[in-house]
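Given next are the chains, with one letter for each unit.
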Amino acid sequence: MTSQNNTPRTLPRFSSTFDPHTLAEIRRAAATGIYDIRGGGTKRKLPHFDDLLFLGASVSRYPLEGYREKCGTDVVLGTRFAKKPIHLKTPVTIAGMSFGALSAPAKEALGRGASAMGTSTTTGDGGMTQEERGHSSILVYQYLPSRYGMNPDDLRKADAIEVVIGQGAKPGGGGMLLGQKISDRVAAMRTLPKGIDQRSACRHPDWTGPDDLEIKIEELREITDWEKPIYVKVGASRPYYDISLAVKAGADVVVLDGMQGGTAATQDVFIEHVGIPILAAIRPAVQALRDLGMHRKVQLIVSGGIRNGADVAKALALGADAVAIGTAALVALGDNDPQYEAEYQALGSTAGAYDDWHEGRDPAGITTQDPALWSRLDPVKAGRRLANYLGVMTLEAQTIARACGKSHLHNLEPEDLVSLTVEAAAMAGVPLAGTEWIPGRTGY
Amino acid sequence: MTASPDITFDLAQAPLRELNSALHKATGETNARLWRVINPNGRHALAAGVNAPVTIEVDGHVGYYCAGMNQQARVIVNGNAGVGVAENMMSGFVHVKGDASQAAGATAHGGMLVIDGNASARCGISMKGIDIVVKGSVGHMSAFMGQAGALIVFGDAGEALGDSLYEAKLFVRGSVKSLGADCIEKELRDEHRKLLQEKLEAAGLAGTVDIGEFKRYGSARQLYNFHIDNAGAY
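Here the protein sequences line up with chains X and Y, keeping their order.
First residue of the first sequence: 24, per our numbering; consecutive thereafter.
First residue of the second sequence: 588, per our numbering; consecutive thereafter.
Think of the hints as simulated: they come from the structure by calculation, not from any bench.
Every residue, glycine too, gets a C-beta built ideally from N, C-alpha and C.
Here are a few chain Y residues that sit away from chain X, every Cβ distance over 12 Å (derived from the structure): (1) Thr614; (2) Ala790; (3) Gly791.
Simulated DEER-style distance windows between Cβ atoms: (4) Arg313(X) <-> Ala599(Y): 35 to 41 Å; (5) Lys107(X) <-> Asp797(Y): 50 to 56 Å; (6) Gln659(Y) <-> Arg313(X): 43 to 49 Å.
Full structure from sequences and hints, please.
Laid out in structure tokens, this is it:
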């Protein structure tokens, strides 16, 4: 740009610190007096599985024949204490999401899709619905601080119990289901008046600390006659210590959710600034299990930003036994589908960026309690889409495992991986590609 | 013990698992209606998960979560109870003859819990329909986020009674050290006197106290929907 007298001028330049998004947030906060609440997980760019690559077989390793030689994908969860461990055909499970946050057709579709692929789905805050129990061949029942809808009959109907201490989107935080999503049915399930905001507590009401947790787990085992696997779910923050304490407390399975994991509704500042990426959490968690002699005896499920079979394979190579998906499963059902672009625009968003799940106006009929919007989601077709997606993820993970010469996904190991960045090398504990360097280790 | 038990279970001789397993097999048709448990020695999760119309009388102190998630059963503790007695109870009747530790009756959906002595902090936390009668006093943060049911306290209540209360009804005969966020004193009208009378009759305590001496506390319902102007109240 030049001025009229052709003197060069400085181009308008946005600040990296005060970028347009930041400026807009300051103006929004100044205008409304309230922080931003939204659904989903972190949107910032983080070190992630994309920063890792597999070393395919060559002269020093030999691969397995694709489509011919077997590559197992199954996993058994709950082998430590439970009389009835659960056996999944694929290590990709569906993470806990509540009826209330999600519509009944969405819960049904999750059950249908997971069951078709021989994997599990999980309840959420608010209890177990007939739709999800009826359509989920393997159902994990979450035991949450609010205990909304918690009852022993459903506990006995469950295939496993997940004691939720935290989630990756908000470790240390509770939840809030806003009044506009509290229909008569949701209100009745939670024993609260219709239309009021429903807080989900951040701490359990009848235990504090790992010693109490051990007694709580014992109670749940006694109530269910030691049949059900007991999971303990934590948000990723101090994974070495949290996993150690969960194992000490008697967990059969530990679930570790990174900050990319979604939530139905939380403050944006919480989602973006509390917790750590799943890539940084897996190795400390596995180390905790190894130090206790419990790796593969207490199974590790990881979640938070799992999108494809490569992510599954990488998570397993780092030491996980299985993964869980939430956001990706909703996308497979139809969340943020471009077919609703005009409606997303009308809501002030766009397909792919819509995250006002707490407002209950989801055009896709997934994060809503509006019956008119519910009717847009066909649970049979949506379940089929989820099953397809789960199948593709499994095939992709097998493709990679065979290329690394592994006859089972669980035979993948850190030695199969390298990192593209110094940060990811340090977090994942695998060498920077082309070197033997793992920052913080091996003498550097 | 007024009647001879149908079954006596000695926890010094057999593991808790055996007791709970036997109790879980009991049904409405069982003829073993009266169970006596001796030497509990503070065992946790005693009589947890029972779903049958039986009476279980425990001679001694119990640990955490006695009668947890109880359905139908009548559980009598001739001693003190640890944390979370009758937690998440759905129905039935639990009677602690001594004192109870923290979180008595936590999150319980139904049934009645009677504590002859004192109850510690967070009595009735997140209660969802249970009725709790404490003949002594209750500790701080009792009925925190209480959703439904009634907490009736013959003695005093500690700090922050009924903090963030929903629709649970609170009645305290003695002093209240302080009220929690959104909990206020409300008029004790005839309908509430009637309710108190019914609850005390169900607890077997009708006529033991003057109902007119109670004060009623409930939710001001100002924090039911988040508003930035109320942020200072939390």
